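These protein sequences, in sequence, are chains A and B.
So the number in this note's numbering is just where the residue sits in the first sequence, counting from 1, plus 28.
So the number in this note's numbering is just where the residue sits in the second sequence, counting from 1, plus 28.
Be aware that a few hints might be false.
A pair counts as met if it fits within one copy or between any two copies, since identical chains are not told apart.
In silico PhoX-like cross-links for lysine-lysine, where the CA-CA straight-line distance does not exceed 25 angstroms [unchecked claim]:
id, residue 1, residue 2
1, LYS102, LYS123
2, LYS51, LYS75
3, LYS102, LYS218
4, LYS240, LYS102
Source of the hints: derived by calculation from the structure; they are not laboratory data.
All figures in this text were calculated on a predicted structure; none of them were measured in a lab.
Number of protein chains: 2
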Amino acid sequence: MSAAFTLSLDAMGGDFAPEIVVKGASLARERYPSAHFLLFGDELQLKALLAHDTRLAACSTIRHTDQVVTGETKPSQAIRQGRQSSMWKAIEAVKNGEAAGVVSAGNTGALMAMAKLIMRPLAGIDRPAICGLFPTQRGETAMLDLGANAQCDARNLVEFAIMGECFARAILGLERPSVGLLNIGSEDMKGTDSLREAAQILRSSHLDLEFKGFIEGDDITAGTVDVVVTDGFTGNVALKTAEGTVKLFSGFLKTAIRSSWLAQFGMLFAKPVLSQVMARADARRYNGALFVGLNGVVVKSHGGTDAVGFANAIGVAVDMIARDLNAQIAQELAHIAAREEAPQVVGAAAP
Amino acid sequence: MSAAFTLSLDAMGGDFAPEIVVKGASLARERYPSAHFLLFGDELQLKALLAHDTRLAACSTIRHTDQVVTGETKPSQAIRQGRQSSMWKAIEAVKNGEAAGVVSAGNTGALMAMAKLIMRPLAGIDRPAICGLFPTQRGETAMLDLGANAQCDARNLVEFAIMGECFARAILGLERPSVGLLNIGSEDMKGTDSLREAAQILRSSHLDLEFKGFIEGDDITAGTVDVVVTDGFTGNVALKTAEGTVKLFSGFLKTAIRSSWLAQFGMLFAKPVLSQVMARADARRYNGALFVGLNGVVVKSHGGTDAVGFANAIGVAVDMIARDLNAQIAQELAHIAAREEAPQVVGAAAP
């Protein structure tokens with residue numbers, strides 16, 4: 029993105045804030061020289077950090093806040109009592125038009141609750157969702173919801189499918205991304221009523237989606253579809269199970285190599301490519317989940333991330349602003365509404 | 029297990045039956061020389077396979093069946109129309125006391141439906157579940173349900189916890205296995221009503237469980253608890269997501285190594301330990317999920333497994349028979365009932 033733009037950062041959100049937020053912004057500044065940052069947080073701390081980084085200081089504005097939303101704060105509590113917090117103020121800056129998007133590594137539930145309240149969901153969207161990218165055998169796959177809505181009905185899942193398709197088109201550059209509904213394998217128990225109902229709606233012609241039907245857990249990383257649609261409970265468990273499995277596997281690898289001198293010798297030669305593998309599976313690379321379905325760009329960084337991860341989350345926000353994802357979702361919803369109203373040829377619906 | 033025992037095998041179940049069933053039995057025979065096998069399936073095919081394996085033939089009996097339950101057969105259809113099938117007959121042999129347990133690589137839903145109908149659930153158990161082992165950073169963790177019950181209420185989850193605890197005690201040799209309920213991270217949406225209710229029951233003193241509360245997806249492979257309790261939908265998605273992630277990671281590894289001559293040279297030295305890692309994560313090693321909560325031992329092998337995997341599934345059945353898991357579950361349920369009836373000191377309940 030070459031045009032100048034302003035990003036709002038919740039400088040106090042996350043396990044290692046404000047340090048990694050400032051360092052992340054510093055890394056992002058190199059990648060996006062036309063960026064301006066609004067840093068919401070403790071002025072003294074932020075000033076001290078910016079004192080070491082004159083280049084970042086030159087393109088940043090500090091906005092003092094003295095309230096912090098912690099990881100333990102309940103969303104309901106956050107929206108009642110957290111209106112002076114760095115998180116609230118950072119979101120408000122987008123609503124006010126001062127910033128084009130906001131990034132926070134803070135409490136996910138509170139961030140979603142505040143974003144919904146301040147920005148409101150897009151017209152036609154009942155439940156905004158958390159959308160992220162997974163590495164796969166074929167490239168990358170978008171998955172949503174990753175945890176905003178623990179329980180979902182068929183309508184919610186259909187909305188996720190539409191938003192996920194727009195996301196994949198914008199971010200993965202696919203003309204017609206394929207969509208799958210996450211389910212379990214065995215025939216009799218092909219999931220819940222909501223899943224079956226959602227599948228039926230997704231097959232209808234007015235949606236005009238490349239819907240591939242039900243997929244299973246191993247299809248996520250196989251890259252069977254470009255967009256995996258699921259409820260926030262299942263999506264969150266799947267995401268964290270995958271993260272845990274990568275950690276387990278790389279732990280096994282490290283232990284095994286350390287246990288053998290011969291292997292350590294061999295590793296001297298193999299290390300460069302193994303580092304590549306680790307980099308490909310690096311969770312930081314996939315840091316930055318987008319809250320889709322809101323009137324504004326909100327990106328959630330992993331709470332325990334470092335500066336590299338936070339910079340990647342900023343990158344996701346920049347991408348979303350550049351591709352104007354929200355406008356695309358709104359347009360898609362308008363198209364669907366128009367097709368719904370158009371007279372349908374009987375029997376012409378998809379199988 | 030040194031005493032002689034008989035296992036019933038569904039020789040026609042799975043993608044590569046009957047070949048891998050017979051070869052798997054052959055491998056298992058070496059490990060358990062006192063085993064006898066009842067092979068249910070097509071007599072001609074089985075005779076031809078046993079002709080090449082006189083040792084296995086010596087400890088096997090073929091029981092001809094000419095019906096096969098395919099992967100596409102619905103459970104309801106299987107129990108109505110499949111009573112002459114290899115699957116049905118193999119389960120019946122356990123019910124009749126001819127075999128101590130049954131192993132099948134066939135259709136999971138049909139196997140569970142038939143097993144429930146023929147063997148009946150244990151007294152006090154409403155929903156039998158599928159239980160398996162996961163490799164973790166600390167050893168192994170049992171997880172259930174892996175797919176038998178897509179939707180579960182609090183009572184079901186509590187039953188799973190009790191059965192899983194007995195399973196971990198019997199198989200992992202732990203005196204007091206810890207139990208966790210799989211949930212999602214963010215505070216406001218700590219899962220569903222069923223999960224919250226189940227957690228409350230699991231904390232009550234009459235159950236006397238080492239209940240650690242809610243855990244998240246990455247806790248499964250971290251080995252945070254010895255028993256992970258979840259509904260069959262989430263459990264199945266988590267299991268398959270983990271399998272898919274291992275496949276992705278090892279695929280990345282192979283591609284990276286093949287891409288570099290230097291790495292290939294280094295791999296000559298590192299290969300032995302890398303093979304160890306692959307063996308540790310080998311899905312075949314974790315093949316053989318137990319149907320817990322039935323009056324009898326039923327082990328489900330992965331449908332696409334090979335002979336090594338099927339032999340491991342037989343090993344799970346042998347373990348379960350040797351440790352008499354069902355008697356332990358029944359005993360545990362009796363203890364709980366007794367504690368429930370005993371007068372409770374007010375205020376002495378767990379927090």
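Against the structure, the hints:
1. LYS102 with LYS123: For LYS102 and LYS123, only the intra-copy Cα distance (23 angstroms) is at most 25 angstroms; the inter-copy one is 52 angstroms.
2. LYS51 with LYS75: within (13 angstroms within a copy, 71 angstroms between copies)
3. LYS102 with LYS218: For LYS102 and LYS218, only the inter-copy Cα distance (11 angstroms) is at most 25 angstroms; the intra-copy one is 34 angstroms.
4. LYS240 with LYS102: between (38 angstroms within a copy, 21 angstroms between copies)
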